[in-house]
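Student: Heads up, the sequence shown is in full-length UniProt numbering, so the first residue is 1 and it goes up one at a time.
You may find that some hints are simply not true.
Simulated DEER-style distance windows between Cβ atoms [said to hold, decoys possible]:
no.: 1; residue 1: A218; residue 2: D10; range: 24 to 32 angstroms
no.: 2; residue 1: R88; residue 2: R148; range: 35 to 43 angstroms
no.: 3; residue 1: E30; residue 2: A136; range: 36 to 44 angstroms
no.: 4; residue 1: D10; residue 2: H163; range: 23 to 31 angstroms
What the hints contain is simulated information worked out from the structure, not anything from laboratory work. Treat the numbers as computed from the prediction; the structure is a model and nothing was measured. Using N, Cα and C, we set each Cβ at its ideal position, and we do this for glycine too.
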Amino acid sequence: MLIKTLGLADYVATFDAMRAFTDARTSDTEDELWLAEHSPVYTQGLAGKADHVLNPAGIPIVQSNRGGQVTYHGPGQVVAYPLVDLSRLGIYVREYVYRLETAVIQTLDGYGLTGHRVAGAPGIYVKLDDPGGHAALTGPADPRDPFRGLGKIAALGIKVSRHCAYHGVALNVAMDLQPFSNINPCGYAGLATVDLATLGVSTDWATAAQRFGERLSAQLRP
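Put together the whole structure using the sequences plus the hints.
Tutor: In structure tokens form, the structure reads like this:
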């Protein structure tokens, strides 16, 4: 897998480039992984509902063709875009999502944090009262609020065309988290969003991007 570090990149231009790459690729095209950081932008998934954007406060909203609802991208976030031929890997979407989430969990573990999956809610979460604890989630603390006590640290949304995936997963490193409070993140009202800095981890974008890229590349080898 060819890893490209794009650095600060325009979201719309990156989206267009991913789509063009996927449309043009053949069975011989090498998979790539793009690592980017974006200026503030809200992106809506195909199922995105306008009322999940509570107050954009001047931040642009871009309609995307990925799955899922609204999310926020901004400085201090590593956005990873694996451009992957799933048929070459011999896997389907469910396994692909599992591998993306595993790469996040492994990256967090390298920083002394424990990532968790929540059934039916793609992405990775941490326990706010014990972010480094290894105890597994045993179910929601409050059945009426499945995210009580959790913070989302990585959001995931993909698109698959002709068995080739694009879009990807965003890991929050050291961000201004305020814009997340102006939406229902991924369609969930009141969902807390955190980053590595909030959890006491001091690192920079380049280091986090390198570590995350290595874990993703390892998970997506044929």
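Student: Taking the hints in turn, state whether each one holds.
Tutor: Status of each hint after checking the structure:
1. A218 x D10: 24 to 32 angstroms: holds, 29 angstroms
2. R88 x R148: 35 to 43 angstroms: Once the Cβ atoms are compared, 41 angstroms apart, the range 35 to 43 angstroms for R148 and R88 holds.
3. E30 x A136: 36 to 44 angstroms: Given a distance of about 37 angstroms, which is inside 36 to 44 angstroms, the answer is holds.
4. D10 x H163: 23 to 31 angstroms: Distance hint for D10, H163 holds at roughly 28 angstroms.
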